[in-house]
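Peer 1: Sequence:
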Amino acid sequence: MKRRSEKTIIGRKFYQQPTLKVAQDLLGCFLIRKIGQKIIRGKITETEAYIGEDDLASHASKGRTPRTKIMYGEAGHAYVYMVYGMYHCLNVVTEKKNFPAAVLIRGIEIENNLPLLAKERAGERLDGPGKLCRFLKIDRKLNGWDLTTGDKLWVEKPAQRISKKSIVAGRRIGVDYARHCKYYLWRFALSQKFGA
DNA sequence: TATACGATCACCT
DNA sequence: GGTGATCGTATAC
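When we follow the numbering used here, the leftmost residue of the first sequence carries the number 30, and every step to the right adds one.
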């Protein structure tokens, strides 16, 4: 019997929910990256929410620009941008059209592609959005990609629901310039990542 | 057109 | 713990 993967692909409705809910619900989900015939599957372990123009840590706090217009677009699309000239970061656009919000995927855990991981660099951990995107070969070509099509890049639901108790909230990282916004507990991670 | 800076990482002490 | 690498954006002129 074959399992129809289309069934487990997360659809647009999921991404249209409040960003903080999406950020937490994405934990434990699987991020799938298809490169040619190769499939890389990773469990999402860490996310951050960026919500609205009032969020000083968000790129959208400066308003709508050619770069941030993706965040104002339809939920369920990928927002990929480059930082410090070297690293890409992967975000998922959430909520309504014309409201700039997104979830940054900060960490994944590769479960079944160890040979590929070893080939990339043995022992390398995938904590941090820069490393993550380097490993998944995500670049600006995927900016605006529709994550609900089930091709190249998409997200699938976890086998079992993640308990709220296993989710830890914390301050966002690298946004000290955002003044009071930096204290928002908009970073979420699976607690096993911190210990266990 | 020119310039300043960042949702990071690797390497130094 | 602190700093340099390195380039796409935004902003100012």
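For the record, the hints were derived by calculation from the structure and aren't laboratory data. Some hints could be false.
[Said to hold, decoys possible] The list that follows gives simulated cross-link-like pairs (lysine-lysine, DSSO-like), each with its CA atoms no further than 27 Å apart: (1) K194 with K98; (2) K193 with K42; (3) K186 with K42; (4) K91 with K186; (5) K63 with K91; (6) K194 with K181; (7) K211 with K126; (8) K50 with K91; (9) K186 with K166; (10) K194 with K211; (11) K170 with K42; (12) K194 with K42; (13) K193 with K91; (14) K91 with K194; (15) K194 with K126; (16) K67 with K193; (17) K170 with K186; (18) K63 with K160; (19) K211 with K63.
Peer 1: Work down the list of hints and note, for each, if the structure agrees.
Peer 2: So, going through the hints one by one against the coordinates:
1. K194 with K98: With a Cα-Cα distance of about 35 Å, the restraint between K194 and K98 is violated, given a limit of 27 Å.
2. K193 with K42: holds, 21 Å
3. K186 with K42: The hint holds at about 13 Å.
4. K91 with K186: violated, 34 Å
5. K63 with K91: Not satisfied, since the Cα-Cα distance of roughly 34 Å exceeds 27 Å.
6. K194 with K181: Distance of about 32 Å is beyond 27 Å: violated.
7. K211 with K126: holds, 25 Å
8. K50 with K91: OK: K50 and K91 at ~24 Å, within 27 Å.
9. K186 with K166: Holds: K186 and K166 sit about 22 Å apart, inside 27 Å.
10. K194 with K211: Within the cut-off at roughly 24 Å; holds.
11. K170 with K42: OK: K170 and K42 at ~24 Å, within 27 Å.
12. K194 with K42: holds, 24 Å
13. K193 with K91: Violated, because 33 Å separates the two Cα atoms, which is more than 27 Å.
14. K91 with K194: violated, 35 Å
15. K194 with K126: Distance of about 31 Å is beyond 27 Å: violated.
16. K67 with K193: violated, 33 Å
17. K170 with K186: holds, 25 Å
18. K63 with K160: holds, 17 Å
19. K211 with K63: violated, 34 Å
Checked against the numbered hints given earlier, the structure breaks hints 1, 4, 5, 6, 13, 14, 15, 16 and 19 and satisfies all the rest.
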